[in-house]
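Please build the complex by placing chains G, F and P on the supplied structure of chain L, with the hints as guidance.
There are 4 protein chains.
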Amino acid sequence: MTLKIGVIGTGAIGRDHTRRITRTLTGATVTALSDVNAESARAVQGALAPEAEIFTTGEALIASENVDAVLVTSWGATHAQYVLAAIAAGKPVFCEKPLATTAEAAFGIVEAEAAFGRRLVQVGFMRRYDASYKMLKKIVESEIGQPLMVHAAHRNPSVPEQYTTPMAIHDTLIHEIDVLRWLLDDDYVSAQVVFPRKTRHAHSGVADPQIVLLETKKGVRIDVEIFVNCQYGYDIQCQVVGEEGLANLPEPMSVSMRKEAKRQSTILTDWRERFVESYDVELQDFIEAASRGTASGPTAWDGYVAAISSDACVQAQKAPGMIVPISLPARPALYQ
Amino acid sequence: MTLKIGVIGTGAIGRDHTRRITRTLTGATVTALSDVNAESARAVQGALAPEAEIFTTGEALIASENVDAVLVTSWGATHAQYVLAAIAAGKPVFCEKPLATTAEAAFGIVEAEAAFGRRLVQVGFMRRYDASYKMLKKIVESEIGQPLMVHAAHRNPSVPEQYTTPMAIHDTLIHEIDVLRWLLDDDYVSAQVVFPRKTRHAHSGVADPQIVLLETKKGVRIDVEIFVNCQYGYDIQCQVVGEEGLANLPEPMSVSMRKEAKRQSTILTDWRERFVESYDVELQDFIEAASRGTASGPTAWDGYVAAISSDACVQAQKAPGMIVPISLPARPALYQ
Amino acid sequence: MTLKIGVIGTGAIGRDHTRRITRTLTGATVTALSDVNAESARAVQGALAPEAEIFTTGEALIASENVDAVLVTSWGATHAQYVLAAIAAGKPVFCEKPLATTAEAAFGIVEAEAAFGRRLVQVGFMRRYDASYKMLKKIVESEIGQPLMVHAAHRNPSVPEQYTTPMAIHDTLIHEIDVLRWLLDDDYVSAQVVFPRKTRHAHSGVADPQIVLLETKKGVRIDVEIFVNCQYGYDIQCQVVGEEGLANLPEPMSVSMRKEAKRQSTILTDWRERFVESYDVELQDFIEAASRGTASGPTAWDGYVAAISSDACVQAQKAPGMIVPISLPARPALYQ
Amino acid sequence: MTLKIGVIGTGAIGRDHTRRITRTLTGATVTALSDVNAESARAVQGALAPEAEIFTTGEALIASENVDAVLVTSWGATHAQYVLAAIAAGKPVFCEKPLATTAEAAFGIVEAEAAFGRRLVQVGFMRRYDASYKMLKKIVESEIGQPLMVHAAHRNPSVPEQYTTPMAIHDTLIHEIDVLRWLLDDDYVSAQVVFPRKTRHAHSGVADPQIVLLETKKGVRIDVEIFVNCQYGYDIQCQVVGEEGLANLPEPMSVSMRKEAKRQSTILTDWRERFVESYDVELQDFIEAASRGTASGPTAWDGYVAAISSDACVQAQKAPGMIVPISLPARPALYQ
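Chains as they are written, first to last, in the numbering used here: chain L, 64 to 399; chain G, 64 to 399; chain F, 64 to 399; chain P, 64 to 399.
Okay, chain L solo, but in the shape it has when bound:
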């Protein structure tokens, strides 16, 4: 039995997921497409899913009998409404991050899903599906004792003019915010941001680099260097220091060479290459859970906590050095 998926939003990521479902993954097909730009939907239909029906609105797509499960890959501001509509229809829904543009809206989704009583929502935090993070989590849980500290870095070669200081949280740190909670099985209680000397490679609108200090409920201290104009490459680092030893996120596989008086190996420069395989695993997981009428992986609650935590970090950016508390409501039973 093949899962019939409807895709809302056929921009770059929507198109890419459609390709995944129709070409690489198993157990699903794309039967419906929708985009505010009908042209874009038709282009994806023509290239990848000739038998898909095109819907004028996401709501109509969700309502279709020919749709078992929904992918929300539209503009961020529209995510919440489609996710809520899918919950209302009782259909599993995969939503790219952010789950919603405000923590309040994200919490509305949490409440709706909790009221429905069964998981339907998976949020697109793909790092949890990355082979290197999965290896690290396994080691952290078995080899190094209780975690005490995390030293992390998120570095991009450069960012465009429109990238602003808060985007370092919402678009960049957001991945660490989710994956470190998952890695440590913990939650944040405070955030602080410090701004080092600014690199000459950053444009005027962005403070770069930044260091975000997070504290967790269990007392783990996390420092994340965000450096989005580091020049040298796309580089994700994560070191967990535990009571008995420490563990590092594996480096992407590469050929070590000796050449021109250097031992050398290549660092990726494009973030898409770094996590490309995790997108496949993530979406396959969605297909499998949705085929059973439910959802797996990152929850609406995770999406909500990411929103609350990001908001605190942005607030901390505005008052450098200040320690901003992060507090969460009680976790609904569905997410225990």
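Just so you know, these hints were derived from the structure itself, not from any lab. The beta carbon of each residue, even a glycine, is placed where N, CA and C say it ideally should be. Keep in mind that a hint or two might mislead.
[Claimed, not checked] SDA-like, lysine to any residue: derived pairs with alpha carbons at most 20 Å apart:
1) K201/P / T329/F
2) K325/G / K67/F
3) K281/L / H264/F
4) K197/L / E206/G
5) K67/F / T65/P
6) K325/F / E206/P
7) K200/G / K325/P
8) K281/F / S390/F
9) K261/G / T65/P
10) K325/L / E206/G
[Unchecked claim] Distance windows between CB atoms, simulated:
11) T141/F / A151/P: 30 to 40 Å
12) E224/P / G384/G: 31 to 41 Å
13) P113/P / A396/F: 21 to 31 Å
14) G74/P / Q378/G: 20 to 30 Å
15) Q378/F / K197/L: 51 to 61 Å
16) D250/F / N100/L: 30 to 40 Å
17) D248/L / A151/G: 57 to 67 Å
[Claimed, not checked] Facing chain P, according to a computed beta carbon distance under 7 Å, are these residues of chain F, among others:
18) I202
19) P313
20) V318
Okay, now just chains G, F and P, sitting in the frame of chain L:
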């Protein structure tokens, strides 16, 4: 359009490939099964391919209208007859190594396919599909100048009692024999074997370790250490030394730790883990080519050359220190 | 011409330096010894410097015509008085850290030396003489652009019962305080301390680990993890992130092995091994400068700045999360 | 008591050793100099040893009452005569390699020293004093079980026009010949040479690279890649494979960087930097043994065995692929 595959031989590897086709890969389904042990075929049918038809003989399976392409995963001695039958039927066929148990029989397949005039045969040398070897090949072809030497090692933690000295060639070195030809785009002209002091961990029936020295047409000198009771892990090493620099086969990704006064990371101990992903890629490649009525990847000619080269190495084992020439007939146009 | 050195304080470090001068280094000899415990001085005389004269007081030793230069390796609380006496006598003096037990006393030495008008004092910050730090400094000054951040760690396997929270600054961080100023050619402007969850391996009297955040005049942000019960080894880490790239302090040389399913190499567990060679280089440098009637390497000013900066860090320990300013008087011309 | 050393041969290496003795090492002074070029001897006297007496002949220098021990750093063809003269005078002598230009002449020295009955000769194989080889030997003797194979490489960036094929043995491999015997505590029984495709960077007079295969008495198989125009750096590799695991010669310490899309660290390009510290340790060892009237480190016997083994390798170069036996006379009791 889904490719209908018939699987001849439902032992461990046949079962595994059936699982791949039905669960992980796209574009194909298993419609037919056959095994000398009918029980085994029925077990695979029950577990993985309930709609597959069971055939009493491989030949009947190949002849079935419900079979577009054939997987030969039966006992090695039967490979050649099924591959020949598939060629006769004009159906693409994936054959696990060895293509045949003698070089002569392998050459018969080469002649049959050349006479047919289109590629139908893919031989199961999966290392060519391994991500680390593909990375290495890319570097070798672009970064280090003309290759001059290869230093390689093939190490297993241990082997069972029935593993004998010639198996170090036929079952172990065979992978290097194929993948190094491909890596260097070259052929062998001679082989020599030297036997170091035997490890105390080897049983009486096997000389272990061994070093095989190969010379290629272009003059590249290859040394391969075969050490099948090395105790410490399953470890595949390959260093290519070129005129401008050298390149190493990437290590499998692993978490580096600091613990108990050691910087450490895990070495695999099970060969199945090392190349597990390459089996998927290999078979997906077969499905795609077979869907177009042809074959891709390692050819019948590659299977034949591997047989000829292995035979020379076994002969070299019998006369330690002697340099045994390897010569090949002209390469048919189909394989240029 | 051989430099005649008098050693005040013949405990472990005094004895060790005496051995260095008499056995390993060139250009100097030990002609005088003094210790509050006369027995100890006689023991060192007997074992290492039979021709040395024993003095009852450090002051008498300094005054001796048979002493060209002085080593102060006595109990920390007595350092300042002997250094001041050596300056008064116009004799070069090497003083183990701390230069003085209060910043005020250290400043008194700065003033005395500045008044004398020529450098006479070298403070025992040996890391500046360590080959790995020297390599790092060279790279930082030429290869990675302007430094923006430093991520450092100072880890010990364990500490004894008498090690208390402030000692993490005075005895442990003190080395980073000095060496990072030197590495960056910069000064500190503030300090903050955060306390992660405490390791189960720390005794009740010490908060362990700690993270010290330092800010420099040029805006560099430094985080130093101090973890003195890390169990796994004695491990000094330092990563400098610059505008064009990053550089890591070299690891001590070690044999990489493959054994028991691990790629592994040894981590030192004894701090004495880590910097053993730098003590030789440091003291040889003292001998050479003292032979010319002056001093080289870390200055009295460096000792004073280390004291001021340490005091701020200890204050920051008492108010976790608070950012404690560090301010310095004008640097005397002698130290420009 | 200071050892009075006479230096015969004041070229580059003689001058360098004179500097070591007078500036860096302890326990010795240079009291006598001699060179066929009196100008050269005077230059070294002026720069480094103003109180040394200049002798017209090496023999006169050896006979001087003001000389306790002798350094032979003259032209290779003259080594044997000076070493024999020193033995005749009962004075410890350090002789740079080669001990003699023929195996016969080297054996003459062995016989003379054995007749004298006490060790007086140290041969200048400095690798045994290198920290990385000492670390490796310790691991090989304790951690990896019985050695079975050694994979080694000796690579230079390039060599001048006058470097010929046999020099790859006499000037390059000679270091591996000595150090691997020492590392394994073993002797060679045969040698074979194979010539890979020649690099385009080698001039017409030298076959480059070469691979030398050595077999030891205990059955260890050694392959040494000699590649003297490898372009990329001066690189010495040594991997010992034992019954329980394998161990690699440590890399020289270096700063690892991330820059320009590469993880990178520097490879040395000048052989002098690679072993610079081992020369100090080697000569200090000579001073200490000579002060007791004897010699330590590599023996005349080691020098003789190196000569015999090199001759076999050169013979093997002339008959590529042929296995040339290496046999030694009984080892005199003095060298057991």
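Here is how each hint holds up against the structure:
1. K201/P / T329/F: holds, 12 Å
2. K325/G / K67/F: The given pair, whose Cα atoms are some 44 Å apart, is violated under the 20 Å limit.
3. K281/L / H264/F: The given pair, whose Cα atoms are some 17 Å apart, holds under the 20 Å limit.
4. K197/L / E206/G: violated, 32 Å
5. K67/F / T65/P: holds, 18 Å
6. K325/F / E206/P: holds, 13 Å
7. K200/G / K325/P: Roughly 19 Å separates the two Cα atoms, so the pair holds.
8. K281/F / S390/F: holds, 14 Å
9. K261/G / T65/P: At roughly 52 Å apart (the allowed maximum being 20 Å), T65/P and K261/G break the hint.
10. K325/L / E206/G: holds, 13 Å
11. T141/F / A151/P: 30 to 40 Å: violated, 59 Å
12. E224/P / G384/G: 31 to 41 Å: holds, 35 Å
13. P113/P / A396/F: 21 to 31 Å: violated, 38 Å
14. G74/P / Q378/G: 20 to 30 Å: violated, 53 Å
15. Q378/F / K197/L: 51 to 61 Å: At 43 Å between Cβs, range violated.
16. D250/F / N100/L: 30 to 40 Å: Since D250/F and N100/L have Cβ atoms about 57 Å apart, the given range 30 to 40 Å is violated.
17. D248/L / A151/G: 57 to 67 Å: holds, 60 Å
18. I202: holds, 5 Å
19. P313: Holds. Min distance 4 Å.
20. V318: Status holds, d = 5 Å.
Violated hints, in rising order: 2, 4, 9, 11, 13, 14, 15, 16; the structure is consistent with all others.
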